[in-house]
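K.L.:
Build the complex: two chains, separate frames, hints provided.
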Amino acid sequence: MKNSPNDKSFFMGRVTASVAHELQNVLAIIRETAGLMQDFMMMGDACQDFENRLSTGLASIKNQVSRGVGLTQGLNRFAHTADHLHCPIDIRDILDRLVLLTERMARNKGFSLSLAPGASHTINHDPVAFQTLCFLCLEALEQTLPSGQALVITPESPGKGARIGFACPGLPMDSAPLIRTWPNWNDLAEACCQYGVELSLTDTCPGICLGFP
Amino acid sequence: MSSNTITVLLVDDEDEFTSTLGERLEIRGYTAVTASDGEAGIQCIINRDIDIAVLDLMMPGMNGLETLKQIKNIKPTLPVILLTGHGSTKEGMEGMRLGALDYLMKPLDINELIKRITQAVQHK
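Line order of the protein sequences matches chains A and B.
Read in order, the letters of the first sequence are residues 1 to 213 in the working numbering.
Read in order, the letters of the second sequence are residues 1 to 124 in the working numbering.
Just chain B, with the same shape it has in the complex (with noise of 0.2 Å):
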């Protein structure tokens, strides 16, 4: 799969990271699709055709865990990265229990972020 078939789906109430973020992998020739809330991130996995979502674990409302919880429910198969601000790797290990794939920590390097991201579509 190239990067120009690839949908990544970027969830967090942090509006212009996700949208700058969305702007430089669009660059790098992949589609992203940005969401900033737990909710509305499920309703883009529901009704678009998403490769792989990377989800910030505290948002308002369905915080970043919960919102996997729902993923693995409706999309067991899809790969999610989890994004923390923490300084501990307690919340992304927990993440990873519950199905994640991987985690990294903000602020992240987007070319450790592709990586990711093409191990994970590979591994489909």
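For reference, chain A alone in the conformation it holds in the complex (with noise of 0.2 Å):
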């Protein structure tokens, strides 16, 4: 039996195995760029321009280092944030560290993905359940819409709670309807009722809204 899209455990580990796979991309790179970096050694007099070919490739093995410690310090956060099932939300650190995981998941669909700019604050809510519905939004437009365009994640404050848009503004309006037609709509307006959310479409380009109490 095949866990249901909404539940929160189904998403912690889609989230898991897509990095798991952009590291293993990381770590195939270093692997391929010390064993250039040893060609290089071995080819002795035959290779021109040794130290600067030695130097590109320490440069990238430092790059690809960096990508890596990114991608562990996000997963760990995003792993201890199973930790509570209701605690306080820093809203604009918990969408950065989704953007970041989930951004390649994105891409592989046709999409950017990014956080509008703005201030961070805080809500009160269970953070797995917040996520799973930020990720669920993300798939009902990376499945329904045309790929190819910038998918824009945007946190309001509308006073009390917090109102989050999934938009694509490089859409006409005429695409919103496809959202609806999302295979897992129902589920999402499901779970969305579960965790006390309201879930409406955005009304100046096709996206979704999630308003949390």
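Hints were generated in silico from the structure; no laboratory data involved.
Every residue gets a Cβ at the ideal spot worked out from N, C-alpha and C, and that includes glycine.
Treat each hint with caution, since some may be false.
Pulled a few chain B residues facing chain A out of the computed Cβ check, cut under 8 Å [stated by the list, open to error]:
hint, residue
1, Glu16
2, Thr77
3, Lys106
4, Leu108
P.N.:
Here it is, written out as structure tokens:
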């Protein structure tokens, strides 16, 4: 029996698997770069411009290590969001991390993913449920709207609670009805209901808005 | 067929990976051609004399399995080796069912890749 897409453990697994895959890419580049540097050393005098090539290889390894460290730190903090069922959530911090960890999944579906600038604020909610619902909104857009778009997450603080918009500003509004055709739309609506979150479509460009209490 | 007459197409959206692996293959006498996505890989197969393709399974746009299907439509005899960063072998097995010769896990061992390339081109 397969888990429902709105299940929190299913979401944690999806994100973890994707990041693990990206880390394999980081390691693959480090391995090939180290191997190439070894090849240059074996070539001896036949290797032209040895010092420059060595220096380029070292810089590449350093970059990949930074990329890997960013991913593992993000993954570690993501894993610890499951420590509490209900706690204060720094909206900007948690969304920033969600973008870092799911950016590749979005790119694979032909979307770029970013978080709109703005001030941070805190709400009290279930952090894993918060991320699961945000992730489902991103999936709904990536699977129903034409690809090649910029997908922007916009958090707003309407006094109490938070409104999080997920939208493709580059698309005309006539694409908006496609979103409700997403096969898991009813699951998303049900999960929102379960966590007391208001679900609606955005009205300025095709997208979804979540209203957290 | 000696290594210096074999042209290997490397398709992966991780450009640094394909360029470095390509350079290592060239040091070993192969000709390496690189592409960043499935569509560009298909164009290389149409326009260049490719002996073997090495495809990453997870790519933006057309993924590895979709690219494999198109390659098999265009050039059914072209040997294809799949690369996977997944811990499981499920997608690699699915690729072999669709006509891939073999699959390797990332990070890969270049000697293992060369062994598979040699075997594949000999059987061609």
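K.L.:
Would you mind marking each hint as holding or not holding in the structure?
P.N.:
Verification of the supplied hints:
This hint holds: Glu16/B has a C-beta 5 Å from the nearest C-beta of chain A, less than the 8 Å allowed. With its C-beta approaching chain A no nearer than about 28 Å, Thr77/B sits outside the 8 Å limit, and its interface hint is violated. For Lys106/B, the interface hint holds, since its Cβ comes within 8 Å of a Cβ in chain A; the closest pair sits about 4 Å apart. Satisfaction of the interface hint for Leu108/B is found here, the shortest Cβ-Cβ separation to chain A being roughly 7 Å, below the 8 Å cut-off.
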